[in-house]
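**Q** Here's the letter readout for the chains.
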Amino acid sequence: MTSDVSESSAPAAPGPVADVLRGEHISKSFGAVTALTDVNIRLAPGEVLGLIGDNGAGKSTLLKILCGFQPPDTGRILLRGEEVTLKGVDNARALGIDVVYQDLALINELSVYHNMYLNRELRRGPMLNNRKMRRLAREHLADMGVRIPSVDVEVAKLSGGQRQGIAVARSVYSDAKILLLDEPLAAMGAKEGALILGLVRDLKARGDVSVIIIAHNYAQVLEVCDRVNLLQHGEITYDKPSADTSVDELTEMVVQEYRAALEARQKGR
Amino acid sequence: MSETAQRSAGSLAGPGSGPGSGKGLRSLLGRGGAAFLRQREASVFIVAAVLVIYFGFISSASASFFTRLNIINVSQGTAPFAIIAIGEVLLLVCGEIDLSVGYVWVLSPFLMYFFITDYHIPVFLAIVLALICGAIIGLINGFLVVRLKVPSFIATLGTAFILNGFMLTISQAQAKNLPPEALGIGKWFGGFAWAEIIWAVVLVAIFHFVLIRTRWGLHTVATGGNLLGASEAGISVAKIKFGNFMVTSTLGAIAGILEAFRTNTIDPSAGGFTPMFYAVAAAVIGGTALAGGSGTVLGALLGMLVLAILQDGFNLLGISSNPFLIILGAAILAAMIANVYLTRLRRAGRS
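Taken in order, these protein sequences are the chains called G and H.
For the first sequence, the residue numbers in this note's numbering are 1312 to 1580.
For the second sequence, the residue numbers in this note's numbering are 423 to 773.
Check the hints yourself; a few may be wrong.
Below are the DSSO-like pairs computed for lysine-lysine, each with C-alpha atoms no more than 27 Å apart in a straight line [unchecked claim]: (1) LYS1398/G with LYS571/H; (2) LYS598/H with LYS609/H; (3) LYS661/H with LYS1398/G; (4) LYS1502/G with LYS1468/G.
To be clear, the hints were calculated from the coordinates, so they are not data collected in a lab.
Make a model of the complete structure from these sequences and hints.
**A** Written as structure tokens, this is what we have:
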């Protein structure tokens, strides 16, 4: 397993200029809990990177650092070769990074179109331009094939898949150049899941958008991703092109981790 | 624009019913009626209308209900409470509450008084300074809640007692007459019989607009609806809460100064918890959720109007003041239950 790691302590090759986004030596703790110990991650232009790992491995924490929601304790983030300090989600968004959170960050009490434009509202003077937001939201959702009764309904009334579709559409249509998707398929049925995967493929075909996807379905990961990273105990322990790996190999890696943990616990007794 | 866009059902979409296609008065009325019922304020409006009809036309008080004097009475029983209810709506919507606003109400005219008499500050400036002090009290409430993470119920209970003690200390618990030089400008602030209700209606109109039509209002709803989600979307939830605490306290200062000019005295026993609870009751009767995420400023004005009409109507009927509170409490509950029921009907009809 360790043979697959490309120098766990040093930032991964190739050179930083080639990468649209790099995280170097990123660590993050919450009180006594260490979520990330030393993460090195890179994303090439136009690349789709799959991030896998067990629950609690730190995947969501990593994404929340890369999207500016929380700062890392140590380490640095490079955007197109230049070191940046992300001062918040707005700041990251201005730099072209957008995110779909695992919890979707939708507001139940607001309409679909207000959620689509949450914190990037279109305005006319001091007023919300509801008419334009409503029209564009309807167009974008139709484009993506997300079927909802109306953009005027509160998102509380929608199904899990519809809600996820709205959260994904919100990021995809934000003109971001780097998209971070935290389990975008989690609440999706097979049909809706295929929709999102198709969308990622479309983005890949455009070539100017890079994507990091967290997912648990390895077959789906290999289907759309160019490369796969495995996050274990707060570090990237595995980094391979999708072409050089398989569902079996990925499954085996995670099962090994389980087994090791189980043995350690039994020894402890 | 298509039909669906016109049928704005979203809570923040506001009235959006376009003109009917002209297929007869009946369908127009039907559509207008449906559009009306979709509004969040519909249920409390109906309750208020029923009370007006009862006290104005049916009850034995009907002869005196629509007199000029009585209408002024009702308006003055509504206005100052409706003004602080605006703030409570904003705070309830973003998931907080302010129990101290009634003590800003009683403190602010004393501040104005001492600015004028002890510091010889011009009257208008003294009023502005008193309002700024109100805003600073809101800033302190916001600091306690947002930065020190004290639940707003407890934080503002603490500031309420502190403000009361501070007011009693500086005033030595003595009522003051308004400084004579303030009486001219005071006409604009409650000295003139309709002044208070005009202030209330203008402020309600402004903040109703802010809540349903501006980014600030949308973010206030988002903050109360899903605190984590709102901050994940990059909304500065701290700024929203600070701002709404400051608006509420400033409104409390306005209400207090208006009441001082109306009653022609600065009274240390004015304000307090009672008007604050009236304001919260008005907000809730008007359709604001205690749990956050939804509410209406216009509804709160109507809710306060309901309470004021009840109080006035029972007075006119000659009900003794002792059992009056029993009836008022029961009426608040009845209005509340009717409102909850009508809201449920409205929601069912919408989906």
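**Q** Take the hints in turn and mark each one as holding or not.
**A** How the hints compare with the structure:
Taking the CA atoms of LYS1398/G and LYS571/H, the gap is about 22 Å. The hint holds against a cut of 27 Å. For the suggested pair LYS598/H and LYS609/H, the alpha carbons sit about 18 Å apart, so the restraint of at most 27 Å is met. For a cut-off of 27 Å, the pair hint linking LYS661/H to LYS1398/G stands: about 16 Å separates their Cα positions. For the suggested pair LYS1502/G and LYS1468/G, the alpha carbons sit about 20 Å apart, so the restraint of at most 27 Å is met.
Checked against the numbered hints above, the structure breaks none of them.
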